[in-house]
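Based on the sequences and whatever the hints tell you, model everything.
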Amino acid sequence: MLEEEKKYIKEAQEGNQGSFGLIYNHYVSQIYRFVFFKVSVKQVAEDLTHEIFLSAWQNIKNYKQKQFPISSWLYQIARNKVIDYYRTDKKNISIDTEDFQEEMLGSEEQASLDIPLAIDKVKSLIKFLKPEYQDVLIMRYVEDLDHKEIANALNKSEGAIRLIQHRAINNLKELYAKHRGNN
Amino acid sequence: MQNIEEIIKQLKKIEPDQEYKNVSLRSILSSAQNSENRFSINFFEFLKLGAALSLTGVLIMVSVSGSFSKFNAKLLSPVLLSSLDEEKIAKEAGQVDIKITIAEAKYYNDSTKKVAIALDETAKNGPGHLNSTIIEKEIKGLNINDGDNGENIDELLNKLTM
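Chains B and D supply the protein sequences, listed in that same order. Following the working numbering, the numbering of the first sequence begins with 64 at its first residue and continues without gaps. Following the working numbering, the numbering of the second sequence begins with 29 at its first residue and continues without gaps.
Since the hints were derived computationally from the structure, they do not count as laboratory data. A portion of the hints provided could be inaccurate.
To be verified - Selected chain D positions facing chain B (Cβ under 7 Å, derived; list incomplete):
| # | residue |
| --- | --- |
| 1 | Ile36 |
| 2 | Lys37 |
| 3 | Leu39 |
| 4 | Ile42 |
| 5 | Ser52 |
| 6 | Leu53 |
| 7 | Arg54 |
Stated by the list, open to error - Restraint-style ranges between C-beta atoms, simulated for each label pair:
| # | chain 1 | residue 1 | chain 2 | residue 2 | range |
| --- | --- | --- | --- | --- | --- |
| 8 | B | Lys193 | D | Lys41 | 41 to 49 Å |
| 9 | B | Glu66 | D | Glu34 | 51 to 59 Å |
| 10 | D | Ser58 | B | Lys69 | 23 to 31 Å |
| 11 | D | Lys41 | B | Lys69 | 24 to 32 Å |
| 12 | B | Asn218 | D | Glu34 | 27 to 35 Å |
Claimed, not checked - Taking lysine-lysine and the BS3-like style, the derived pairs with C-alpha atoms no more than 30 Å apart in a straight line are:
| # | chain 1 | residue 1 | chain 2 | residue 2 |
| --- | --- | --- | --- | --- |
| 13 | B | Lys211 | D | Lys116 |
| 14 | D | Lys76 | B | Lys127 |
| 15 | D | Lys37 | B | Lys193 |
| 16 | D | Lys152 | B | Lys190 |
| 17 | D | Lys37 | B | Lys144 |
| 18 | B | Lys211 | B | Lys129 |
| 19 | B | Lys144 | D | Lys40 |
| 20 | B | Lys124 | D | Lys49 |
| 21 | D | Lys116 | B | Lys236 |
| 22 | B | Lys144 | D | Lys49 |
| 23 | B | Lys219 | B | Lys190 |
| 24 | D | Lys152 | D | Lys187 |
| 25 | B | Lys70 | B | Lys127 |
| 26 | D | Lys40 | B | Lys184 |
| 27 | B | Lys73 | D | Lys116 |
| 28 | B | Lys129 | D | Lys116 |
| 29 | D | Lys76 | B | Lys124 |
| 30 | D | Lys152 | B | Lys241 |
| 31 | B | Lys73 | B | Lys193 |
| 32 | B | Lys236 | B | Lys105 |
| 33 | D | Lys165 | D | Lys134 |
| 34 | B | Lys193 | D | Lys41 |
| 35 | B | Lys69 | D | Lys40 |
| 36 | B | Lys70 | D | Lys49 |
| 37 | D | Lys40 | B | Lys219 |
| 38 | D | Lys40 | B | Lys241 |
| 39 | D | Lys165 | B | Lys105 |
| 40 | D | Lys127 | D | Lys116 |
As the structure is a prediction and not an experimental result, all values here were calculated from the model. Heads up, the beta-carbon is just placed ideally off N, CA and C, and yes, glycines get one too.
What follows is the structure in C-alpha cells.
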C-alpha cells in the first residue's frame with residue numbers, strides 16, 4: 064500500500080476526509096490490538112485508539128513522509144497515549160518475571176473474546192512483560208512488521224530490536240511455563 | 029505444548045467492533061485539522077539568522093575599529109587594568125623623570141663646584157696642594173698675621189705659583 068498510501072496521506076494533509084478514512088480503516092485494527100495488549104480493557108483500548116487517530120487527523124499536516132509506512136508514526140502516537148494513560152491513572156502493570164503472580168491475571172476481557180484458552184493465556188501474560196518487550200512481540204508476531212519498521216517506530220537499532228525480541232520470547236515462555244505449572 | 033510464537037500470531041483475531049470503528053471515524057472527521065506549523069519554524073529560523081547576522085556585524089565593527097583589545101583589557105581582564113592604564117603609566121613615568129632630573133641637577137651642581145675648585149687649585153699649586161704637610165708649612169711661611177707680609181701679599185702669591 065506504500066505508493067497508494069503516499070497519495071492518500073498527501074490528500075489527507077490537504078483535508079480530504081475520504082483519504083484519511085482509507086488510512087484509518089487500514090490501520091485501526093492493528094493500532095487497537097497494540098493498545099489492547101497494553102491496557103487489557105476493551106473500553107480503554109477503544110477510547111485510546113480513538114484519541115490516537117483523532118490526534119493523527121488533527122496533526123497530519125505536520126507529518127513528514129519517509130520510506131516507512133505511516134504506521135510507524137501511528138505507533139509512536141499510540142505509545143505516548145498509553146504512557147499518558149498510565150501516568151495519569153497511576154497504573155503500572157508491567158512487572159518482572161519473578162514478581163509474577165497468577166492471581167494478577169485479569170479476566171475482565173475474557174468474556175468479550177471468543178478465543179481458545181492457550182491464546183487467551185498468552186494474551187493475558189503479555190501485559191506482564193516490560194513495555195518494550197510487549198511492543199516488539201506485538202509488532203513482530205501479531206502485526207508482522209519487519210525489524211526495520213519496528214526499529215523505526217521504537218527509535219532503536221535493528222540489532223536492539225532482535226535482542227529485545229529474543230529476550231521477550233524467553234520471558235514469555237518462562238511466564239507461560241510457570242502459569243501452566245500452577246494449573 | 030504449542031509454539032508460543034504461533035500462539036501470539038493467533039492474537040490477530042482480536043478486532044475492534046465494526047460499529048465502534050464507524051462511530052469513531054465519523055467523530056474524528058467532524059473535528060477540524062490543526063494548521064501546519066510552518067510559521068513558527070520559519071519565524072524561529074528567521075530569528076536565528078537575524079541574531080547571527082547582528083552578532084557578526086558587531087564583531088566586525090569591533091575588530092575594524094581596533095577597540096577589541098581595549099574592550100578585552102578593560103572588561104575581560106580587570107586584573108590587568110591597573111598595569112595597562114596609559115594615563116597612570118604616563119604620570120608615573122613623569123614623576124620618575126622629575127626625580128631623576130632634580131637628582132642629576134643637584135649632582136652636577138655640587139660636582140661642578142668641587143671640580144672647579146680642584147682644577148683651580150691644581151692650576152695654581154700643582155698636585156702639591158693636596159699634601160697637608162706642605163700646606164701647613166706654607167701657612168707658617170706666609171705668616172698671615174704679620175702686617176708687613178700683608179703688604180707684599182701679591183709678591184708672595186707670585187712665588188707660590190712659580
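To see whether the hints hold, each was checked on the structure:
no.: 1; hint: Ile36; in the structure: 4 Å, holds
no.: 2; hint: Lys37; in the structure: 5 Å, holds
no.: 3; hint: Leu39; in the structure: 5 Å, holds
no.: 4; hint: Ile42; in the structure: 5 Å, holds
no.: 5; hint: Ser52; in the structure: 5 Å, holds
no.: 6; hint: Leu53; in the structure: 5 Å, holds
no.: 7; hint: Arg54; in the structure: 9 Å, violated
no.: 8; hint: Lys193/B <-> Lys41/D: 41 to 49 Å; in the structure: 25 Å, violated
no.: 9; hint: Glu66/B <-> Glu34/D: 51 to 59 Å; in the structure: 32 Å, violated
no.: 10; hint: Ser58/D <-> Lys69/B: 23 to 31 Å; in the structure: 26 Å, holds
no.: 11; hint: Lys41/D <-> Lys69/B: 24 to 32 Å; in the structure: 30 Å, holds
no.: 12; hint: Asn218/B <-> Glu34/D: 27 to 35 Å; in the structure: 29 Å, holds
no.: 13; hint: Lys211/B <-> Lys116/D; in the structure: 73 Å, violated
no.: 14; hint: Lys76/D <-> Lys127/B; in the structure: 23 Å, holds
no.: 15; hint: Lys37/D <-> Lys193/B; in the structure: 19 Å, holds
no.: 16; hint: Lys152/D <-> Lys190/B; in the structure: 129 Å, violated
no.: 17; hint: Lys37/D <-> Lys144/B; in the structure: 24 Å, holds
no.: 18; hint: Lys211/B <-> Lys129/B; in the structure: 13 Å, holds
no.: 19; hint: Lys144/B <-> Lys40/D; in the structure: 22 Å, holds
no.: 20; hint: Lys124/B <-> Lys49/D; in the structure: 23 Å, holds
no.: 21; hint: Lys116/D <-> Lys236/B; in the structure: 86 Å, violated
no.: 22; hint: Lys144/B <-> Lys49/D; in the structure: 18 Å, holds
no.: 23; hint: Lys219/B <-> Lys190/B; in the structure: 21 Å, holds
no.: 24; hint: Lys152/D <-> Lys187/D; in the structure: 11 Å, holds
no.: 25; hint: Lys70/B <-> Lys127/B; in the structure: 13 Å, holds
no.: 26; hint: Lys40/D <-> Lys184/B; in the structure: 15 Å, holds
no.: 27; hint: Lys73/B <-> Lys116/D; in the structure: 74 Å, violated
no.: 28; hint: Lys129/B <-> Lys116/D; in the structure: 69 Å, violated
no.: 29; hint: Lys76/D <-> Lys124/B; in the structure: 24 Å, holds
no.: 30; hint: Lys152/D <-> Lys241/B; in the structure: 135 Å, violated
no.: 31; hint: Lys73/B <-> Lys193/B; in the structure: 36 Å, violated
no.: 32; hint: Lys236/B <-> Lys105/B; in the structure: 25 Å, holds
no.: 33; hint: Lys165/D <-> Lys134/D; in the structure: 36 Å, violated
no.: 34; hint: Lys193/B <-> Lys41/D; in the structure: 23 Å, holds
no.: 35; hint: Lys69/B <-> Lys40/D; in the structure: 26 Å, holds
no.: 36; hint: Lys70/B <-> Lys49/D; in the structure: 23 Å, holds
no.: 37; hint: Lys40/D <-> Lys219/B; in the structure: 25 Å, holds
no.: 38; hint: Lys40/D <-> Lys241/B; in the structure: 24 Å, holds
no.: 39; hint: Lys165/D <-> Lys105/B; in the structure: 143 Å, violated
no.: 40; hint: Lys127/D <-> Lys116/D; in the structure: 17 Å, holds
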